[in-house]
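S.K.: In case you want the letters, here they are:
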Amino acid sequence: MLLNILTGALMATALPQSTDTTFAVDPDLRLELRNSSGYIVVRTWDRNEIRVRADNIYRGGFVIEQTSSAVRLGVRSWDDDYDDVDYLLTVPASMALDLRSSDGDITVDGTRGEVNVRASDGDIIIRGGSGRVTAYTSDGSIIAEGVGGRIRLESSDGDITVEGASGDIEIEATDGTIELWEIEATSVRVNNVDGDITFDGVLASSGSYSLVTHDGDITMHIPEESGARVRLAMYDGDFSSNFTITFPSWPRGRRMEFTLGDGSAELVAETFDGDIMMRRR
Amino acid sequence: MNDKWTAQLSAYLDGELTADKRTDLERHVESCDECRTALQQLRGVVTWAADFEGREPANDVWPQIAAVIGDTPSGVVKLDARRRSPKHFALSIPQSLAAAIALAVVGAGGWSLARLTAPESQMAAVIDISAPDAGATVMATIAVAQKYGPAISDLERVLLQENGTLDSTTVRVLRQQLAIIDRALTEAQEALARDPASHFLADHYTGMMKKKLNVLRQAARNVEVSS
Amino acid sequence: MTSLARELEQTPAQADAIDVDLAVNGDTQAFERLYRRHTPRVNSLARWLLSRDDVDDVLQDVFIRVWEKLDTFRGQAAFGTWLHRLATNVILRQRERYRKDEKRGSGSLLEVADMSASPVSPGLSIDIEAAVDRLPERARQVFVLHDLEGYKHEEIAQVLTISVGTSRSQLHHARMAMRSFFAA
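Residue numbers (this note's numbering), protein chains in the order written: chain V, 662 to 942; chain E, 19 to 245; chain H, 43 to 226.
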């Protein structure tokens, strides 16, 4: 694997310390960017070119490497000092993105390609994206809008908001509020420890939906005519609904089960300390 | 203009440079038009910020404040915006009933206690295993503690050791995460002690243990990626 | 001399001191004067730290807390400084509640630098405020806390849970992005 990368066409270009450059690119390649500290903003256009505007390049020089599978951007540091660059990139809309920053926000706007974003300390915003979309931040919030495909979002400390997504959604969080709005996904799995969960969307036939938190309310906005086998559990909280629900029997213990419509989907909501609310959408 | 110098301009303005660096920078600025310009502009930013008087809010909220502090009552005032929709249908979980059943079983005699122990005191609650289904849930919980406990302890020891491979920010966030999960585990344990027959609590405890292990594994993966 | 004339001769700090004394004894009109004098800056502080325009609830919360705690103000600092510290604490506590709206306020340093086609004098404050609006969230928060509110980097690191180095770096980036608004 390493050999393949090394034998690819290698192009290394040293640019001025603050740069604005545009170069042709094969949109089927993956764009890779590693940044120690600083902001990354990616926008898209319908050209097979990448425009790089970068600021705060200290001493080391800016480098573009093109291999058989990827275009890599980064700073070749002379030492660890001042490796702190802000990027504004414009890339082909279909290009796959692999962006990492140790300290700084990452924004991806309008992409149609796969997205893999990691920030150790910073917020992540993704608008668009398809195929496999993953975002991880250790300390920051994540916002994903209009995303499709297999979506996996993870934040250790921060809120996660998803709007207008489709496909499979998996969210892992420890401390933060999780909100999903206008969702048309066949599979949703949300796992939180400390924070509320809100789900607003339609339940697909044979879809699977799991919303779990330890300390927080769970609110579900779904169409009244939804078809789902519903399993709810809460240790210290109430369940409420603003539409009629028929229980097959008096709920036992801390769990309750009932069926909506044809029961084709599966919906699970569990909270240790919080209320569960079901609202007509 | 050299970025090495530019990077020091803010610190210079704030008086945070050492005497040597300050002298070096001043000498450079004398001979560099661009740095001199940048320094003057940065002074402009700092002065503007210090003198900034703010902008009037879009809405005058004095009437609402006055109503609260007792000046002029002026209708409804909402201070805390935690809004919840009214509950049209509410079904309370009968916790008191569950507690009554547990007490009845204990009071009938023939019961025993299990003290669960696991590394790092993952389980230390006294649990009544005589309640209906209690045996199964307790055994399942012990199995979970035994299954995940050693791996969790090992990862915690390696990742959180002093002078370890993780940077201070990552360690801080990881410690916060673990504290939140540990609190959840403790609450689940205490609840299980009160209600040992609850499959939900046993499952919930298991889920939190898995979560803790996954968080630690993710941190370990981050170390691998960055090293 | 009328009270208005006396007030005109006072510095804002003197006027604050008099009104605080009156307000502590229950004079709500004096408290309203304090509110009028300080609301604009607290409003900007809230908008920039919370990344949102709608801060009515926060403003109410801040001034009601000020009213409640007024008797703890001992005059060891200027009233404005005391109030702004209290306001900042209230606002920062509200941050989590509003985090989902942060996307409205997220921008980039390069965008900010682009906003000023040519250097202008600081008289066009509205443009500069718009530039602060467009700063990336963390850079904006550090800039506001440090340069507007006088917080030290160590304090900023604590309240924003970032490192001191990050606070210094973000401040520098924010200032550099803003500088093109100011003629040399």
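Hints were generated in silico from the structure; no laboratory data involved. We treat Cβ as the ideally placed atom computed from N, Cα and C, and that holds for glycine. Careful, some of the hints might be misleading.
Quick partial rundown of chain H residues pointing at chain E, CB under 7 Å, derived from the structure [unchecked claim]:
#, residue
1, Pro82
2, Ser93
3, Asp98
4, Val132
5, Asp189
6, Leu190
7, Arg217
8, Arg221
S.K.: Compare the structure with each hint and give your call.
M.R.: Cross-check of the supplied hints:
no.: 1; hint: Pro82; in the structure: holds (3 Å)
no.: 2; hint: Ser93; in the structure: violated (15 Å)
no.: 3; hint: Asp98; in the structure: holds (5 Å)
no.: 4; hint: Val132; in the structure: violated (12 Å)
no.: 5; hint: Asp189; in the structure: holds (4 Å)
no.: 6; hint: Leu190; in the structure: holds (5 Å)
no.: 7; hint: Arg217; in the structure: holds (5 Å)
no.: 8; hint: Arg221; in the structure: holds (4 Å)
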